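Chains A and B, in that order, are what the protein sequence lines are. Those letters in the first sequence? Residues 1 to 808, by the working numbering. Those letters in the second sequence? Residues 809 to 919, by the working numbering.
Some clues are possibly wrong.
Stated by the list, open to error - Pairs of lysine-lysine, PhoX-like flavour, derived with a Cα cap of 20 Å:
{"hint": "1", "chain 1": "A", "residue 1": "K585", "chain 2": "A", "residue 2": "K605"}
{"hint": "2", "chain 1": "A", "residue 1": "K513", "chain 2": "A", "residue 2": "K556"}
{"hint": "3", "chain 1": "A", "residue 1": "K669", "chain 2": "A", "residue 2": "K585"}
{"hint": "4", "chain 1": "A", "residue 1": "K316", "chain 2": "A", "residue 2": "K55"}
{"hint": "5", "chain 1": "B", "residue 1": "K856", "chain 2": "A", "residue 2": "K556"}
{"hint": "6", "chain 1": "A", "residue 1": "K255", "chain 2": "A", "residue 2": "K496"}
{"hint": "7", "chain 1": "A", "residue 1": "K80", "chain 2": "B", "residue 2": "K856"}
{"hint": "8", "chain 1": "A", "residue 1": "K797", "chain 2": "B", "residue 2": "K830"}
{"hint": "9", "chain 1": "A", "residue 1": "K316", "chain 2": "A", "residue 2": "K295"}
{"hint": "10", "chain 1": "A", "residue 1": "K355", "chain 2": "A", "residue 2": "K311"}
{"hint": "11", "chain 1": "A", "residue 1": "K2", "chain 2": "A", "residue 2": "K89"}
{"hint": "12", "chain 1": "A", "residue 1": "K592", "chain 2": "B", "residue 2": "K856"}
Claimed, not checked - Among the chain B residues that face chain A by a calculated CB cut under 10 Å, a handful are:
{"hint": "13", "residue": "I815"}
{"hint": "14", "residue": "K856"}
{"hint": "15", "residue": "A895"}
No lab work stands behind these hints: they were computed from the structure. The structure presented is a predicted model; accordingly, all values stated were derived computationally and were not measured. All C-beta atoms, glycine included, are put in the ideal place defined by N, C-alpha and C.
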Amino acid sequence: MKQKLVVIGAGMASGRVLEHLLEQDREAYDITLFNAEARGNYNRIMLSPVLSGEKTYADIVTHDDGWYAENDITCRFGEKVLEIDRAAKTITGENGTVSYDKLVLGTGSNPFLIPLPGHDLEGVIAYRDLEDTERMMGLGEGSRCVVIGGGLLGLEAAAGMAARGVDVTVVHIMGHLMERQLDEAAGYLLRRALTDKGITVKCAANSKEILGENGKVRALLLDDGTELPCDLLVMAVGIRPNVALGQGAGLAVGKGIHVDDQMVTSDVDVLAVGECVEHNGALFGLVAPLYDQAKVAAQTLLGQSSTFVPKELSTKLKVTGCDLFSAGDFADGEGREDIVFRDPARGVYRRLVIKNNVVIGAVMYGDTADSNWFFGLIRDKTDIADMRDTLIFGPAYQGGTPLDPLAAVAALPRDAEICGCNGICKGQIEDAIAAGASDLGAIKATTKASASCGTCTGLVEQVLAVTLGDDFVLPAAASICGCTDMTHEDVRRMIKSQRLTSMPAVWQECGWKTPDGCHVCRPALNFYLLADWPLEYRDDPQSRFINERKHANIQKDGTYSVVPRMWGGITTPDELRAIADAADKYMVPTVKVTGGQRIDLLGVKSEDLPDIWADLNAAGMVSGHAYSKGLRTVKTCVGTDHCRFGTQDSTGLGIQLEKELWGAWTPHKLKLGVSGCPRNCAEATCKDIGVICVDSGYQISIGGAAGMDVRETELLIQVPTEQEAINVIKALTQLYRENAKYLDRIYKWMAKVGLDWIKERVAAEGDALVDRFELSQTIYRKDPWAEHVSQQAERYKPLATLSLEAAE
Amino acid sequence: MTSWIDIAALDDVPQRGARMIKTTLGCVAVFRTAEDEVFALDNACPHKAGPLSEGIVHGKSVTCPLHNWVFSLETGEAQGADAGRVATYPARVEGGRILLDRTFLNARSAA
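Using the sequences and the hints given, assemble the complete structure.
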């Protein structure tokens, strides 16, 4: 007599179990198939192409009514199973009870819904089944949708709806998309491709509340106050194994229903497959292991011996035009090496992670043609020692071409601006070359490119080299560091003209040769990005030298110095008392008066920093930025207040300047001085920016130095009023930080671009420069000490304190 | 024999960053890379004892904050032209927690 088999859940795994079973022995079982959805098996992973319109539901049905009839399967679709009675070996559904000899659970998973306020509003859905898909397909062109979750499923949903003309915003809590499968660089390329499709992507965004109107979703509110209006809100943040039936039946359940290597649960007559199972602590969401499980389960049902072995997994995103691939492991562990290949011209990124001459992980974006070959290397643990040098180029390139240092420039479109001073684009330079210009001088003469500040010279030369090929010999220019062939100036122009607003964007578009830069390039990039994109880019403390990360100066013994700001060098008895108290309380070994007219507390321990800052904050003092590549001090004399020679209120102007400029980041440190008369007691003429007050107004001079080089300032301009003086200094500071190379002080920058050019720019676009300076200051004109005291005081303490005993 | 001890949550150390732990036998720096790998090394640079936990972390290397010596987080070897080595200790992440091996931390005083 035939045995009775009951299968609960018509999913991808259970469908495969049935196929394998019937292929091998059509007569083994009488089969009953329950499914809560009123339909049979379809290919759930192809819902995304259905959503985007590339396929129809009919295309993705794997088993139709004819197939079930042909195989004598009793279908109980649209019927929920209420109870499993393992003692009696019966299943009770809504329409009656059936007995079994063997039972297969394929109950799949449930989408996880974040319990945000408003998650139960009409119009908040998950992305799991055909109903969800149809809801999304029902959105009209021009309607708005927010997708929470920037993983595989969320992005497929977003792209599918965008293809239908829906205005889609993706909200992702992590710093880059698909962080479990991709690294930052590939995440950046993916984000760019999605943005090109018209999808708005918000990373590092925390959802706070779902707002509704008349019981229906209206908008998503983020915790920064942003409201994203929407007609539909899709949550695609993950799945949880659906264990309810198994648990109700008393089976062993952890995160999923426990199964052994034969897919048998804690009951020998009950098997489970698919997303509802937990095997050796692992859960399953991708289709490949599900199919392997199905095969094993079918063999187990037929009394054959078979073992489920989890294999390496790979991921591909099913979004047209976004070719990405990720496989294996690229995190956790020691002894690993990276091979990175970037081709900015084609938007290609490849990264291989290698351990002991075996590829253990791969991330590819843009060109995934070789992905199967790399996946094979991972799966088979092939020894790659012999092909290591050319491995990254793929199977066709044994002995492949070397990286092209000019690829980034070759990739620029014709309308990419090369010379910012004169507004000259790449196309105009190419045209000039076509018209006969064959060297830098000719380009300067005919287009004016690089004829002003000159910082784009490197790029102009590279355009020459790309266009003329071997006819142009590129002068050797010093690159930023070993991570790139580009100079500071080249990278800066790329950041501006290509609107690169994140570090991964720069690494990719400028063809960085390392995964994440080094101690030389990262601080420079961090500065360029925050200077050029104050609103878009967020300062990265991990790319700053320790002094700027900890807002104190490290000393040779690992202690720090603390210098509170004294505006214009003016202090009060109360401030002095607070400083004295702090020096006593934290046992500061050295208290010194600095050259910048303030007081330095030297020898403070790292863990005491937040406390001493809190004490100084309480007395009204803020960070003096004595550690920063930014505004340090404005040194003043006593001016007209007390001095019999003073011509203007130099102290007052100094205080005002310091209050306007403090917190500003600049390429190098920035020191100012304001002297009340030409006797120059504030030594203003050896500062980066100096003001000498005279009867008729204010002489502003720049480019002084009193360090390794000693230089006198040169006159920039004389203005009649204090307000004009402040504006000129703001404009000059902004011009300096938009154009100078990182770690060039004003005098070095001035030597490159010329004082005349600086005068011209300040005169021509002074107001716009002041506006941009002020915009940036809305972010940075605040006390970092207070912020660190309230938000990250823990970081200053040891992570742990262990008491260990010396070994015998 | 290993004896793993729970030190802290992985998220207590920033990506491309480090934190220092104090022990009665000296300070150890715990590093976290961009890929969430963790490494534990002696905190003191062999050159002038600079605190490596305050350095810039890039790839699987750290740059000493005092004089820019670069060390491999995997081997502890100084990179480039500089010669020197800092001791490394087994470290791993499990369930979002950083674990160090007490046996190795103890053994170093004998070295």
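Okay, the hints, checked on the actual structure:
{"no.": "1", "hint": "A:K585 / A:K605", "verdict": "holds, 12 Å"}
{"no.": "2", "hint": "A:K513 / A:K556", "verdict": "violated, 33 Å"}
{"no.": "3", "hint": "A:K669 / A:K585", "verdict": "violated, 31 Å"}
{"no.": "4", "hint": "A:K316 / A:K55", "verdict": "holds, 18 Å"}
{"no.": "5", "hint": "B:K856 / A:K556", "verdict": "holds, 8 Å"}
{"no.": "6", "hint": "A:K255 / A:K496", "verdict": "violated, 49 Å"}
{"no.": "7", "hint": "A:K80 / B:K856", "verdict": "violated, 72 Å"}
{"no.": "8", "hint": "A:K797 / B:K830", "verdict": "holds, 10 Å"}
{"no.": "9", "hint": "A:K316 / A:K295", "verdict": "violated, 23 Å"}
{"no.": "10", "hint": "A:K355 / A:K311", "verdict": "holds, 18 Å"}
{"no.": "11", "hint": "A:K2 / A:K89", "verdict": "holds, 16 Å"}
{"no.": "12", "hint": "A:K592 / B:K856", "verdict": "violated, 24 Å"}
{"no.": "13", "hint": "I815", "verdict": "holds, 5 Å"}
{"no.": "14", "hint": "K856", "verdict": "holds, 7 Å"}
{"no.": "15", "hint": "A895", "verdict": "violated, 14 Å"}
When each numbered hint is compared with the structure, violations occur for hints 2, 3, 6, 7, 9, 12 and 15.
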